[in-house]
Amino acid sequence: MKFASKLVSFDVAPGDPFRPMATPIYQTATFEQEEATSFGPYDYSRSGNPTRTVLEEQIALLENGRRGFCFASGMAAITSITRLLKTGDEILADSDLYGGTCRLFTRVLDRTGIVARYADACDVEAFAAQIRERTKLVYLESPTNPLLRVVDIRQIADLAHASGALLAVDSSAMSPYLQNPLDLGADLVLHSATKFLCGHSDVTAGVVVAKDDELAKQIYFLQNAEGNALGPFDAFLFLRGLKTLKLRLDCQQKNAQSLAEWLERHPQVTSVNYPGLTTSPGHLLQRKQARGAGAVLSFTTGSVEVSRRIVEATRMFSICVSFGSINSTISLPGSMSHASVPPEVGELRELPCDLVRISVGIEDAGDLIADLEQAFAVATLEQASLSEEGEAEVA
Amino acid sequence: MSYDNKFQVSTLAIHGGRVPDAQAAAVVYPIFESATFEQQETGLTKGHSYSRASNPTVDALEQAIGALEGTPQAVCFRTGMAAITTLFLSTVKSGDHVVLTDVVYGGTMRLFREVLNGLGIANTSVDTSDLEAVERAITPETKVILIETPGNPTMKLADIAGIAAIARKHRLLLAVDNTFLTPVLQRPFELGADISVLSTTKYIEGHHATVGGSLASNDEKLLERLRLVRKTLGAIQAPLDAWLTLRGLKTLPIRMKAHSETAATIAEWLEAHPAVARVYYPGLDSFPQKALAERQQTTYGGMLSFELKAGPAEAIAVMNALKLWIRAESLGGVESLVTHPATATHADVPVETRHKLGISDGLIRLSVGLEAAQDLIADLRQALDSVFGGKSERSANHEVCQQAG
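For the record, the sequence lines run as chains F and V. Each step along the first sequence adds one to the number in this note's numbering, with nothing skipped, and position 54 is 54. Each step along the second sequence adds one to the number in this note's numbering, with nothing skipped, and position 210 is 210.
Simulated from the structure, these hints should not be mistaken for laboratory data. Hints are supplied without guarantee of correctness; some may be wrong.
What the hints assert, rightly or not - Going by beta-carbon spacing under 7 Å, a handful of chain F positions derived as facing chain V:
id	residue
1	K2
2	S5
3	V8
4	M21
5	I25
6	H200
7	T204
8	L247
9	S318
10	V321
11	I326
12	N327
13	E363
Note that CB positions come from ideal geometry on N, CA and C, so glycine has one too.
Excised from the complex, chain F in its bound form (with noise of 0.2 Å):
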């Protein structure tokens, strides 16, 4: 079967005897017992719900895992797979992480004598140096946010397995429409579900996908233990969400394209980050390794004033963290997204303090890139008349 009919043809509704299309949203924290002693397939939400598991099984098949686990966040499910390291292990990362992901790293494992080091996966062989005895877990982002650079998820699951580790993998930024990191030899694909697998800005949810019943009957163990696991409703909305995701990416992708060239011909921009551009140097192994580009871009002007006034002159693209989403959105992630990166690790990343990222949408086109260009001749136009004002004063 095609992906575009995986996406919709499957039982949506388990043993259910009315046979909706739909769903069931099983709204309920307990579930009642046959018998004093024995259990039906569900007896508490926290430990299984129907809704979710119908969810976790379509996240499992579209990923190509065992099994998958919804969680109530991005965050929730990256927090289940550090639990499986135990104090004096080390997490390698790569440097260019989600702020979110390196605060978790840097500032509450370390409570727990877990430590996170990072290093450039792009430069595979520094990177390999870098991996120790006590490495249990290699994680990465591909392409990375904000920076949009492409790592080897071959090459580097190859060289965790060389030394013991497991390699997890944040495909959010890919979606298993695009990208199928447990193919290339990631043990765990995680997904912060916020972004395209639900796609409407209006879920906040998580993903763990184990490529081997024994991961998953860890993660499942944790998943019940700490209770974060996706609650019903949400896991409904998902499931709604989850159904035009070929649909929706198709045309992101596409308008993202088109932006990214936009922008590369633009005398303002200095850089253009996108995988989809034949001059981005992630574009050969992100062809090799994805079946796409995906629909975030970021750009830089050379100037941090310039580059605020484009985004806050934007009046379609809603100023906001996230991405992924069916309407555009625009961030500087200096001071949004990645504004929890120590200041160490961002040394390493080198995120520049211009760098604009774009989450492009499924508005048309030419009214994005006619968006762009007036929040452009805004910015210029301020500069101008700010230097014009500087060199009045200086005379």
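Chain V: place on chain F using the hints.
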């Protein structure tokens, strides 16, 4: 941001319903699951008093539908039938007469037969593909003409601009039920209609997850009247369903494009199949009104019907052999559905009338979803093969299948 009417429809679908949320600046508008609203002072509200009259979440949906229709804020209802009921109870009274298309939805027929006729509101059904017949059906008491185009299930079209001219000449209201195409593929107001009717249950929400309806118009007085009657009847959409519909609507343009493309591929494949006698799809060259479809529609939509050379027993057997296509009523969602009009959607219609309308007992209606065309065709092929045993269509259709892949 406030939306700009000059935006393309794909942009309006996202931004048309975005009411700035002053409280928390949420990107997605909140679900106001509240029956009543506090008054600032006695009798002084902040725009909403009671959710039977209006509700902020329902307002957001209505703005989005209005933006898509190119009209002021639309009026939303609990179901499509609640919208149609309100339409007639707002525009006609005892002694008045309504002209309906002969392919009108069975539920609307039932509303007249069981409710409105008894209240002294008469109706005539007429073949609305024939402009002269439409004009002949008008009496001095006629107040409203309601058409559906494409008509269900034979896709018979009505010339909206032609009927609008007749309605204007006789000072009548023209209501167009645009459920099959939505404002993305057909623009009733640009063709002269006065009212647009949508069952939002179908393509607008698009995920088979809610029921709902809407009415849109450029006539502010009529809109006010519709709201008053809706409040009186208690027919307003519920906040959560409005919110889900608003969420569905955002992907409407990309869904309609995919539904249309896949339906066109399937229609061609079916037409070339030796077991198929006839395919009803406005995009086919064989469709008698293709020129009209090209004139008043952007593309041809996701609905089609076909008839087998064999009879109703074989049609039912083919339907029962389908695995990917879901046997269910309704249409317009992400999942592909298959319906047998003679025993389902049109079971209430007397058999002679049904046959006169071209709805044979062997007619099968398809609502094409978002699955891959190749998978949908493979399923149709195996179902036809399982009933007719023939593999004869393979070579004839090879080329179409290749394209579908």
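Which earlier hints turn out false for this structure, listed by number in ascending order?
5, 7 and 10
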